[in-house]
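Trainee: The hints should help you fit chain B onto chain A, whose structure is shown.
Residues per chain, in single letters:
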Amino acid sequence: MNFFGAIGQSILKFLQALGFASLFLFQALFTKPRLKSFHLLLKQFYVVGVLSLPIIIFASFFVGMVLALQGYTVMVKFGAESALGQLIALSLVRELGPVLGGLLFAGRACSALTAEIALLKTTEQLDSLRLLGVDPIHRIIAPRLWAGFICLPMLVIIFNAVAIYGGYWVSVDWLGIDSGSFWSSMQSSVNYREDIINGVIKSIVFALAVTWIAVYQGYVAMPTSEGIGYATTRTVVYSSLVILALDFILTAVMFTGLK
Amino acid sequence: MLQTPATEPKVRMRGIHFSRGDRVIFDGVDVDIYPGKITAIMGPSGTGKTTLLRLMTGLLKPDSGQIFVNGENIKNYSEAQLNRMRRSMGMLFQSGALFTDMSVFDNVAFALREHTDLPESMIRDLVLMKLEAVGLRGARDLMPRELSGGMNRRVALARSIALDPDIILYDEPFAGQDPITMGMLVKLIRLLNDTLNLTTVIVSHDINETAEIADYIYLLSDGKVVAQGTPSEMQNNASAHAEQFMHGKADGPVPFHYPAPDYYQDLMRIGEE
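For the record, the sequence lines run as chains A and B.
Following my numbering, the numbering of the first sequence begins with 1 at its first residue and continues without gaps.
Following my numbering, the numbering of the second sequence begins with 1 at its first residue and continues without gaps.
Pulled out of the complex, with its shape left as it was, chain A reads as follows:
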């Protein structure tokens, strides 16, 4: 009996947290925009987006190069190495771009968001905002949420472009594949709506999910130094798992019907 009681209790707890998190998301997303607070959003674009660029560019270049090498060793056995461009582009825009970009973003930007918000809470800065008559959800949470939501899809597009260039560099300059067939196989097989748009939709969904997790975990963190550590860990773990799980669902919906 205790066992069932415990299960029921944890489900209730989970639902309560989910309800609170949803209200929280709603309030932050639909904050009335004010011209006065636009500089806050710009600052977050810089912190969340621009500062994530180096890691995204560095990682994507290597991912593209590895894809080319691995693809080549398999495809050359069938004499299909001229389709390497297709392999690289499709695997990137459909899967690797959004997923790896999202995972890197969770580790680089989301962990920092959680730690920052949790520290603001611990040092009573959120409470002192409230006492000055300013809602911290508007002032602190909303710009960070919007910045993450807008920046990640753009970072994923950059990830894809740089990775394709990395693949091109290895395939053409190193492995000696004809540059024309590299591009033309890519051009003929990558569909704008089915591949590129679907990939971008994935990245938008991931962006919302991971930034939501990050700001929420920071906001509800225990206001102690231990609490900040737990919250940051939870952000990275939850957002990584959520990206992988959502990726499976989205892939099943988007790509299983394709020939």
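Heads up, a few of these hints could be off.
[Unchecked claim] Taking lysine-lysine and the BS3-like style, the derived pairs with C-alpha atoms no more than 30 angstroms apart in a straight line are:
no. : chain 1 : residue 1 : chain 2 : residue 2
1   : B       : LYS37     : B       : LYS187
2   : B       : LYS37     : B       : LYS249
3   : B       : LYS75     : B       : LYS37
4   : B       : LYS61     : B       : LYS37
5   : B       : LYS61     : A       : LYS13
6   : A       : LYS32     : B       : LYS61
7   : B       : LYS224    : B       : LYS249
8   : A       : LYS32     : A       : LYS43
9   : B       : LYS187    : B       : LYS75
10  : B       : LYS75     : A       : LYS13
11  : A       : LYS32     : B       : LYS75
12  : B       : LYS249    : B       : LYS187
[Said to hold, decoys possible] The calculated label-pair distances, taken between Cβ atoms and stated as ranges, are:
no. : chain 1 : residue 1 : chain 2 : residue 2 : range
13  : B       : MET122    : A       : LEU29     : 33 to 39 angstroms
14  : B       : ASP117    : A       : LEU23     : 43 to 49 angstroms
15  : A       : SER225    : B       : ARG269    : 32 to 38 angstroms
16  : B       : ASN70     : A       : LEU23     : 52 to 58 angstroms
17  : A       : PHE58     : B       : ASP117    : 29 to 35 angstroms
18  : B       : THR100    : A       : GLU194    : 34 to 40 angstroms
19  : B       : VAL24     : A       : PHE30     : 34 to 40 angstroms
20  : B       : ARG269    : A       : GLN9      : 43 to 49 angstroms
21  : A       : GLY8      : B       : PRO261    : 34 to 40 angstroms
22  : B       : GLU212    : A       : SER22     : 49 to 55 angstroms
23  : A       : GLY229    : B       : PRO261    : 52 to 58 angstroms
24  : B       : ARG14     : A       : PRO33     : 21 to 27 angstroms
25  : B       : PRO35     : A       : GLY8      : 46 to 52 angstroms
26  : B       : ASP262    : A       : GLN9      : 33 to 39 angstroms
If you're looking for bench data, these hints aren't it; they were derived computationally from the structure.
Quick reminder that beta carbons are idealized off the backbone N, C-alpha and C, glycines included.
Mentor: The following block gives chain B in isolation, referenced to the frame of chain A:
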């Protein structure tokens, strides 16, 4: 009671019950804060003095009981209404809680920029006036990390009076300060209260400093108000709680020992499996 019941209290708390988990913090607390007076909330650490301030400002909600601010029950206030109410309140947090990403000047200017459309030149004048009042006009360009603990608290004080509140709440203003800073703060609190015609609430356990400036003292212990009165009444209060606290005795109604089983039995492991 010295206070005249004819004047309406600024803040009236009635039958406040509040608990955190299984721990009962308040078990029926009644407090009245009268306008123009300095009211001190005192008590041993862990009695929830800070929690009482958080209840007054609506940062926390009581489990039961009523809180009236300016005669209005804040129980069903929305967050927006609470934010509006808080603009007429200033609170000095124990840590200062300055915004660490802004300079001293911007910290003090924050509320003015947020809630008014005053031109920047006027905001500058107002901020410099507030900083002058706490003696830190020269420190306007420093960042919070460059300030000493006492300066930090004085900047926070300047920030909390930026919107000219009617009520100002101090959370342990003297804790951990050197004697010079303490003297300055005592002087500042009295001065601000009298010149700006404020209503002041101080939460503290520093008896001497608080008794020096307070008009009325509430003593909290075990979730209840155990004694109240003017400082001189409190000094001579014969109740065991007041006697222990006001004269700093190690043992009394607030025991030296945290509740534990009998010492002898505990050492001898009697009753353990």
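Trainee: Against the structure shown, which of the earlier numbered hints fail to hold, in ascending order?
Mentor: Checked against the structure, the hints that fail are numbers 9, 14, 16, 17, 18, 20, 23 and 24, while the rest are satisfied.
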